[in-house]
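Next come the chains, spelled out residue by residue.
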Amino acid sequence: MNMVELIAQYPLLAALVALVGLGAPFGALLGYAAVRFRTEGNPIADQINEILPQTQCGQCGYPGCRPYAEAIANGEAINKCPPGGQATIQALADLLDVEAPVLDEEHGEEKAKTVAYIREDECIGCTKCIQACPVDAILGAAKQMHTVIASECTGCDLCVEPCPVDCIDMIPVEEGLQSWHWPLPQTASRNLDVIASDASPEERAA
Amino acid sequence: MRRIHDFHGGIHPAENKLQSLATGIRPAGIPSQLILPLAQHIGAPSQPLVSPGDRVLKGQLIASAAGHVSVPLHAPSSGQILAIEDRPVPHPSGYSAPCVVIECDGRDEWVEEPSGIRNYRACEPSALLEKIRSAGIAGMGGAGFPTAVKLAGKPGAGITTLIINGTECEPYITADDILMQERAADILAGVDIMRHILKPQEILFGIEDNKPAAIAALKTAAAGSDVEIITFPTKYPSGGEKQLIEILTGKQVPSGGLPADIGVICQNVGTAVAVRNAVIYGRPLISRITTVTGDAVTAPGNFEVLLGTPMAHLLALAGFSAEKCERLIMGGPMMGFTVSGAEVPVVKTTNCVLAPTTREMPTPPPAQPCIRCGLCAQACPASLLPQQLFWFAQGKEFDKLEQHNLFDCIECGACSWVCPSHIPLVQYYRAAKADIVKQRRDHEKSEQARLRFEARQERIAREEAEREAKRAARKQAAEKRAELAAEGGDEDPVQAAIERARARKTAQQGTAPANTPDGGVKQLAALREKLAKTEQRLALSREAGEDNKIVTALEATVQRLRDRISAAEQSPAERETP
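Those protein sequence lines, which keep their order, are chains A and B. Each residue of the first sequence is one higher than the one before, counting from 1 in the numbering used here. Each residue of the second sequence is one higher than the one before, counting from 1 in the numbering used here.
Hints are supplied without guarantee of correctness; some may be wrong.
[Said to hold, decoys possible] Below, computed lysine-lysine pairings styled on BS3-like, alpha-carbon distance capped at 25 Å:
1) K480/B x K111/A
2) K438/B x K111/A
3) K113/A x K433/B
4) K445/B x K111/A
5) K480/B x K470/B
6) K396/B x K113/A
[To be verified] Using C-beta positions, here's what the derived DEER-type ranges look like:
7) Q90/A x Y95/B: 25 to 33 Å
8) E343/B x H107/A: 45 to 53 Å
9) R119/A x Q476/B: 46 to 54 Å
10) S179/A x P125/B: 32 to 40 Å
11) A223/B x S179/A: 46 to 54 Å
12) P365/B x Q90/A: 28 to 36 Å
13) R467/B x G125/A: 18 to 26 Å
14) G319/B x S179/A: 37 to 45 Å
15) G257/B x S179/A: 23 to 31 Å
16) R38/A x E447/B: 20 to 28 Å
17) A223/B x P183/A: 46 to 54 Å
18) N42/A x E463/B: 55 to 63 Å
19) Y95/B x L139/A: 26 to 34 Å
20) V69/B x V98/A: 24 to 32 Å
[As the list claims (entries may be wrong)] Chain B regions said to be covered by chain A (calculated; three or more residues, Cβ under 8 Å):
21) 86-97
22) 164-178
23) 418-428
24) 434-441
No lab work stands behind these hints, which were simulated from the structure alone. C-beta atoms are modelled at their ideal positions from N, C-alpha and C, and glycine is treated no differently.
If we strip away everything but chain A, and leave its shape as in the complex, we get (with noise of 0.2 Å):
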């Protein structure tokens, strides 16, 4: 009775104690939760990394793949990536939901994928490129010849700077029979639609 008669009394106050009475404890519970379930790291940058070509070769300005998956996390533009292509700048826009924009041309152009390639007879032994590959995809040991383990060769161009008798080629990986697939059908052109008005007027001119 006595309750309900500080409450018809004083109503202000009484809200202001049910609310905090409701607040604190769902407070500290949210506080509780946030350090029992966190996250270790950070998932947004890992699946941005998921989507890079990890390529390593340093073209958008971050050293590597991963520093750039994390700057995009932190807002850093999408289209810096060359190796990945118009491909991989559409999977990070479908990922963060943004519009794609194209591959921005500072950074460098797509190019077709290539493979390192050492003039073995040329190569001195230096090790340069050794230090310089981000995969560690150089075999070889000082003052004696160096050469490219194809299969884990990323097309990065970064052993090419280094090596001072120019003896690294940078070569484009041939379409064979086994990477040959069926492509997509032609769709079918303007001039094959069968409605004669649906025409343009130089088809109609023709």
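We have chain A; now place chain B onto it with these hints.
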């Protein structure tokens, strides 16, 4: 009577089989050149064992299997190796691939009388499998999967049903039909060998009811054996492995699974004959039955043709008029593909060479927009949704394609056949499948690159940390030494050790006779000085009235020094005496 099941969908295209059944199997003879691609099967290409200029004999091994899923290759006739080079091969890409080219001498000499295992029932299955493997047999129905690998299967995967596929559902092709008509006994001999290897509970032989002659021949040959010859209504594509299994057993192969997962294994009739020849006669796979048909040939029929025979040779035998034919197809009209030209060879999987006239197979009219009629979904034998797949393939939505089980598509072409808008649906699926496979491969590769990059980063960090730790340790040691030196020389442990050693040496010298008179005198002087100092200290202590202990200790020291002095004073005299 066994209950026949039905599968979803299917179509009834014009059969066009009678043209090539007018005559029996004709030998194709020996062409002037044999072109043998090193990759005629699914798996790794074979490794050539011969070099240009070598003379090879019929049946001689010319390329070995490269790995488990691969098959060896044998010379189909005797002659000289002309080259091992890239030649156009029967492949939809029209690319060239490495081939062994043999210039035939026409003598057709066997390498040696091959030895077979007549009494194979007494043999271990593994020995028979080895025989099949070394004969270079790859599935002759069209896919070309190494037969020995398929028969060996996964250990412990009990095979309960062996299905022999004599369906040949694709229009125009009659190679299996004629084989069943003329060589039913050979097929059943091969089946018996497979029975011995697999030990299935039942053997089902499936044939469509449009081959009455073959059915009659097989029923006669199989009389008395437990091989069940089962006929069922003709419908395309009942010869598809999964469809045939459903027709005969009512069981469906799970999505993404293999027939072996439900205890079934399927073998083509041509493969059965090849197995018989390999095991009983020891003959490698060097020839096959190929149908040559189409309106552009005047004498269509089936030929027993040496592998590697250029299609041009075969077409000439069938009366080919090149001007009537716009494109040459390997396989049937539904699942075959256009080859780059008549110079491509017949390979282990060439069941048909189709030379249609332009009227017979006109170029498809241009594709019109999809009207969502749903005919394709009704025709699909894999119960997929072709029009959904078509949308997703156009939009390259790979996730959705996989969710809609694109990889269960057998590319039979039924959907394209029924499509009123003439959309080349199968083309879209093939392209999408290849894109997805490529994406998976690229992702695997990038994953590998990522791991290697991270391993390298870790290694560099670890090496740096190790160097840093060493530097820090050296710096600390130097600091400690400097500190000790600053506190006082005597406190330096090294210095102290040196001092101690010196003191010990002096003490020894004190007791022992001095080596030189001069040394003795110096020693004596030092002792006297020490004695004087100690006496002085003793006196001071006594005056200050210090602790008794110190006084007694000092007294003892004085006494000891006096003794040593007297001993030293005597020794020079002793030395002089002798």
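Next item on the list: Hints the structure violates: just list their numbers, smallest first.
Entry: 1, 18, 20, 22
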